[in-house]
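Number of protein chains: 2
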Amino acid sequence: MAAARERMIQSAGTLLRERGLAGTSFREVLAHSGAPRGSIYHHFPDGKNQLVEEAVRAAGVVGSQMIAAGSADGDPVAALRSFIRLWGHGLEASDYEAGCPLVAVTTAASAEEPALRAAAAEAFAAWHEALAAGLREAGLSRARARRLATTILAAVEGAVILCRAEHSGQPLKDVGAELELLLHAALPAGAG
Amino acid sequence: MAAARERMIQSAGTLLRERGLAGTSFREVLAHSGAPRGSIYHHFPDGKNQLVEEAVRAAGVVGSQMIAAGSADGDPVAALRSFIRLWGHGLEASDYEAGCPLVAVTTAASAEEPALRAAAAEAFAAWHEALAAGLREAGLSRARARRLATTILAAVEGAVILCRAEHSGQPLKDVGAELELLLHAALPAGAG
Numbered sequence: 001m002a003a004a005r006e007r008m009i010q011s012a013g014t015l016l017r018e019r020g021l022a023g024t025s026f027r028e029v030l031a032h033s034g035a036p037r038g039s040i041y042h043h044f045p046d047g048k049n050q051l052v053e054e055a056v057r058a059a060g061v062v063g064s065q066m067i068a069a070g071s072a073d074g075d076p077v078a079a080l081r082s083f084i085r086l087w088g089h090g091l092e093a094s095d096y097e098a099g100c101p102l103v104a105v106t107t108a109a110s111a112e113e114p115a116l117r118a119a120a121a122e123a124f125a126a127w128h129e130a131l132a133a134g135l136r137e138a139g140l141s142r143a144r145a146r147r148l149a150t151t152i153l154a155a156v157e158g159a160v161i162l163c164r165a166e167h168s169g170q171p172l173k174d175v176g177a178e179l180e181l182l183l184h185a186a187l188p189a190g191a192g
Numbered sequence: 001m002a003a004a005r006e007r008m009i010q011s012a013g014t015l016l017r018e019r020g021l022a023g024t025s026f027r028e029v030l031a032h033s034g035a036p037r038g039s040i041y042h043h044f045p046d047g048k049n050q051l052v053e054e055a056v057r058a059a060g061v062v063g064s065q066m067i068a069a070g071s072a073d074g075d076p077v078a079a080l081r082s083f084i085r086l087w088g089h090g091l092e093a094s095d096y097e098a099g100c101p102l103v104a105v106t107t108a109a110s111a112e113e114p115a116l117r118a119a120a121a122e123a124f125a126a127w128h129e130a131l132a133a134g135l136r137e138a139g140l141s142r143a144r145a146r147r148l149a150t151t152i153l154a155a156v157e158g159a160v161i162l163c164r165a166e167h168s169g170q171p172l173k174d175v176g177a178e179l180e181l182l183l184h185a186a187l188p189a190g191a192g
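Those sequence lines, one after another, are chains A and B.
1 is the number of the first residue of the first sequence in my numbering; add one for each residue after it.
1 is the number of the first residue of the second sequence in my numbering; add one for each residue after it.
Just so you know, not all the hints are guaranteed correct.
[To be verified] EDC-like mimics (lysine to aspartate or glutamate), calculated; alpha carbons at most 20 Å apart, straight line:
hint	chain 1	residue 1	chain 2	residue 2
1	B	LYS48	B	GLU28
2	A	LYS173	B	GLU54
3	B	LYS48	B	GLU112
4	B	LYS173	A	GLU129
5	B	LYS48	B	GLU129
6	B	LYS173	B	GLU112
No lab work stands behind these hints, which were simulated from the structure alone.
On a predicted model such as this, the values are computed, not experimentally measured, just so you know.
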C-alpha cells in the first residue's frame with residue numbers, strides 16, 4: 001500500500017509538470033499510476049488537493065537534495081551547471097513537455113486554495129535555501145547569496161518556460177551562460 | 001460590437017494572469033467583461049481557445065510596445081528598470097494574484113492545443129526581440145544581445161512566479177539588482 005501511495009504521488013508530480021494543475025485529476029493519476037480506484041481515496045481522503053500538496057512537498061525535498069548534491073564539491077559554478085543540466089535532461093526526455101510542478105501550482109492555484117499555494121512557496125524556499133547555502137559556503141555574504149540564489153532560481157524557472165514555448169533547449173543554455181558570468185564576477189577571487 | 005470584443009479579450013487576459021488557462025472559461029469571461037452571452041459566440045465562433053489566442057496575441061503586441069517605450073532613451077538599464085516596474089505594479093495592484101498570460105498558457109496548454117502554444121511562443125518572441133533591439137542599439141553584439149534578452153525575460157518571468165508564491169515583491173527587486181550588475185558589466189564603457 002505504501003508503494004501504491006508513493007506511485008500516486010510520483011504520478012501527480014509528473015502530471016503537474018506536463019499538464020498543469022487542471023490536468024492532474026484523480027482520474028488521470030489513476031490512469032498514470034495504475035493504482036486501483038479505491039486506494040486513491042484511501043490514501044488521500046481529503047481529495048485531489050491533498051495529493052497535489054504531497055507531490056509539491058516531495059518535489060521540495062528531492063529538488064533541494066539534488067541541489068545540495070550538486071554543490072557538494074564547493075564550486076558554485078559546477079553546482080549551477082548541475083542544476084541546469086537536471087532541467088535540461090527533464091525537458092529533453094519529455095520532448096519539452098515537462099516543466100516545474102511548483103510553477104504549475106503557483107500559476108494555477110486560486111486564492112481559494114491557500115494550502116496548495118503555501119506548499120509551493122515552502123518548496124521554492126527549500127530550493128532557494130539549498131542554492132544560497134552553496135553560495136555562502138563559497139564566501140558570499142548572506143545578503144548577496146540570497147539575492148543570487150533568487151536570481152538563479154528565477155532565471156532557470158523562466159528559462160524552462162521559454163524552452164517549453166520554443167520547443168528548444170536554447171533558452172536554458174543562454175541563461176546558463178549569463179548566470180555563469182554573474183557568478184564568476186560575484187565570487188571572491190580564487191573561488192568558483 | 002467592436003468594443004465588446006475588445007472587452008472580452010481584455011477580460012480573458014486578466015483571467016489568464018490571475019486564474020490560469022483552466023480558470024479562463026467563457027462563463028468567467030462573460031461575468032468579468034459583462035458582455036452579453038450571445039456576443040461571445042458571435043465574436044469567437046471557434047470557442048474558448050480562439051479567445052485565449054487573441055488575448056495572448058494582444059499581450060504580445062502591448063508588451064513589446066511597452067518594452068520599446070521603456071527603451072526609447074537608449075539606456076538599457078533604464079529600460080530594464082521600466083520593465084521590472086511594470087511587473088511590480090501589476091503584482092502590487094492585484095495583491096500578487098496577477099502573473100503573466102503567456103506563462104499561464106505555456107504551462108497549461110496541452111500538446112493537443114498547438115495553436116495556443118504557438119501563440120504564446122510568438123508573443124514571447126516579440127517581447128524578446130523588443131528587449132534584444134534595445135541591447136543591440138546600446139552597442140552589444142547580436143549574439144550577446146540575444147543571450148542577455150533571454151536572461152532578462154526568463155529571470156523576470158521567474159521572479160514574478162516567486163513573488164506570487166511568496167506574496168511579496170522582494171524576488172523581483174533582488175532579480176532586478178542582479179540583472180543590473182550583469183547589464184553594467186556587459187555594456188560597452190560609457191553606455192548604460
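Here's how the hints hold up against the structure:
1. B/LYS48 with B/GLU28: holds, 11 Å
2. A/LYS173 with B/GLU54: violated, 30 Å
3. B/LYS48 with B/GLU112: Holds - the C-alpha atoms of B/GLU112 and B/LYS48 are around 14 Å apart, at most 20 Å.
4. B/LYS173 with A/GLU129: Given pair B/LYS173, A/GLU129 holds - Cα atoms ~18 Å apart, limit 20 Å.
5. B/LYS48 with B/GLU129: violated, 28 Å
6. B/LYS173 with B/GLU112: violated, 37 Å
Checked against the numbered hints given earlier, the structure breaks hints 2, 5 and 6 and satisfies all the rest.
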